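Protein chains: 2
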Amino acid sequence: MPVNYSPTTSLLPVKGIRLASLDANIRYKHDRDDLTLIEISESSSVAGVFTQNAFCAAPVTVCRDHLQQEDDIRYLVINAGNANAGTGEEGMTSAQMICAEIADETGTALNSVLPFSTGVIGEQLPYWKIVERVEELVEKLDADNWMTAAKAIMTTDTTMKAVSKTADFDGKTVTITGMTKGAGMIEPNMATMLAYVAIDAEIQQDTLQTILNEAVGCSFNSITVDSDTSTNDSLMLMATGQSGVVLNELNDEDQSTLIELINATCQELAQAIIRDAEGATKFVTINVEAAPDYAYAKEIAYSVARSPLVKTALFASDPNWGRLLMAVGKAPVKDLDVRKISLWLGETLLLENGEPAESYSEELGQIEMNKEEIVIRISLNAGEAEACIWTSDLSHEYVTINAEYRS
Amino acid sequence: MPVNYSPTTSLLPVKGIRLASLDANIRYKHDRDDLTLIEISESSSVAGVFTQNAFCAAPVTVCRDHLQQEDDIRYLVINAGNANAGTGEEGMTSAQMICAEIADETGTALNSVLPFSTGVIGEQLPYWKIVERVEELVEKLDADNWMTAAKAIMTTDTTMKAVSKTADFDGKTVTITGMTKGAGMIEPNMATMLAYVAIDAEIQQDTLQTILNEAVGCSFNSITVDSDTSTNDSLMLMATGQSGVVLNELNDEDQSTLIELINATCQELAQAIIRDAEGATKFVTINVEAAPDYAYAKEIAYSVARSPLVKTALFASDPNWGRLLMAVGKAPVKDLDVRKISLWLGETLLLENGEPAESYSEELGQIEMNKEEIVIRISLNAGEAEACIWTSDLSHEYVTINAEYRS
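In order, the protein sequences belong to chains W and L. Counting from 1, position 196 in the first sequence corresponds to residue 196 in my numbering; the numbering is continuous, with no gaps. Each position in the second sequence, counted from 1, maps to that position plus 1000 in my numbering.
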């Protein structure tokens, strides 16, 4: 059950984007869609960021190649149930076969198609199950299919995760819609498992990539469920330009507004992943402030967010703040002066300049820990940088899900 | 229940060492010893390594100070049930009060006493409960008390962990006895929670510290339960010289034998911690070989050993080797060429030069995974260095223990 998250009941179409999903029977026994095609109108810009895992999946390698070779990306094809990772040369061939079929069916270049896979690692992808359904997929393409697509890309997710936003610029409305999936193997080193965000503003390719790189830092690159980085992480940002709003032609304030629209969408999707994290019972925000620099702050926040002992204490609603100290203290940073550190659980001060706070009582700590949304604030009093990480707790359900996922 | 570990039923006294334990009622409700004193004969050498956690406990700070100021360490005092960590200035005073009482009672210098604490973090240590029992402790000192001491230092451990070994040099017998405790919050950055090793050979202080630093690298610094580094980790090595064997006077081969005796003791104790790791059902050895250098190999081994998804798969006996690839691939090392990597589960080849092994079948993987002792071997084919890490799996019991430890 996701923590304080109700999936949206409608998503706005984005001009220039059409989608289709169907049940290709790739893995799941029960009837559910597991294959999705996204069509992007001509002359759109497409930017992407991918996993830093050295064992990246075959489709990630193909995506990188195609993005490098081709400016005009027209189709994204996404299957759930099989990650096509750890599949060697055969997996590369499978991904290429799927792209070739779509290129053939739609009359586009092979390089215009990007493949994505998510699901179990280390099994060959039954690519023929996808190839034989391409014609049908193309026929089903429709601008109103975001809801079904957001469901079709799920694996261990318990809920679809998607959001639409709009903003007006000189009387023209820009629409942004994004969807993501992921619940475990989450500590993206640039993007979580799969996320697709489309906006109908016109944004040049280079600018779009820069905007995406920035947006990722404070969204998908600031979450962790289990510190495990997926082999398949991919985040795609598409800008079709069909709203008539052109980023370059906006004044500075409107440019900021438009970029913030993208940032907010990415952040909301990233947080949705944490709310739906495997076995999560808490949504935890870790703020590190007054740090020497951003990387320093982020290391400490991650050290707390990754700690199994912190996460089991959160699960137990146990104000065992000694574990917070431990996790801060083990962070791989230099010259951490614990005598300057202050630490809060919600509004409750636990530690002041390295000394236990006199105002603290177990009762106050318990009140904070009982909440579903927990904020841990750590001030280093050693600079002006800050970082924020969102994470979940470590529950029996997490172990159950991951000990039984394949069986 | 520890994995393939039966505690020893007897330990050998080490000439020059006497011990005493009693129930000081520091935390535990049930009758059990929780306070231990170790006396070291005059003119012994004592070496130590301590946690790298910036939030180190008060006794660790006191130990470091005393070791720096004093050559002749005579007493170690160890309490279980309270870590005296996160306790600020008051905690420092508590540790000093205990040392002062022992110094007073035994007529030694304050700096000759080293304090150690283990247990819950963030609560003040009831030092008076220790102070008022010092006289009794000193009276109980006896060379034959290793077994009771090894039990008295336990916290969440399910078994005492200790070992004795002997070796003969020119007709003289050297005895080494060591004990350790620790089951969670285990990824020592130099030593696990608490370990005490005594040998009756004569080894100069500087040499002893060098030997200890080496021994730690391949023992306590090569294990992880939950990637969490304790605030209290301390490992002490004492050499009394009372066997009459002097390291410096031995020939090269005998010197190696004596040092290996220390290494083997440390390794056996470190492995015992993993066998008794919180909730452990498997004892897992991760060998990374043919790496560019030792640090590189160790990073990859730790990346696998720390991965919650690898650890839950191990718990489930699930040959989900995709997770192994993921964990290798996310390691923070440069220029990892996955096309050169080969990977074995026990004797079963999973991956050969980055490609799935044709000889592999799920049945073969299952046979390996069903074992209690699992060896994961990763060859990088990129050099000659190797590293070995020992770890446990992540079970429901781990979550239960750590969600309920304080309550």
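These aren't lab readings, by the way, just hints derived from the structure by calculation. Incorrect hints may have been included.
[To be verified] Chain L regions said to be covered by chain W (calculated; three or more residues, Cβ under 8 Å):
1. 1050 to 1061
2. 1077 to 1089
3. 1163 to 1176
4. 1256 to 1268
5. 1320 to 1329
[As the list claims (entries may be wrong)] Heads up, simulated EDC-like pairs for lysine to aspartate or glutamate below, C-alpha to C-alpha not over 16 Å straight-line:
6. Lys129(W) - Asp65(W)
7. Lys172(W) - Glu249(W)
8. Lys140(W) - Glu39(W)
9. Lys165(W) - Glu268(W)
10. Lys1340(L) - Glu89(W)
11. Lys340(W) - Glu1089(L)
Predicted model, so just to flag it, every value in this text is computed and none were measured. A virtual CB, placed ideally from N, CA and C, is assigned to each residue, including glycine.
Are any of the numbered hints broken by this structure? If so, which, sorted upward? 3, 4, 6
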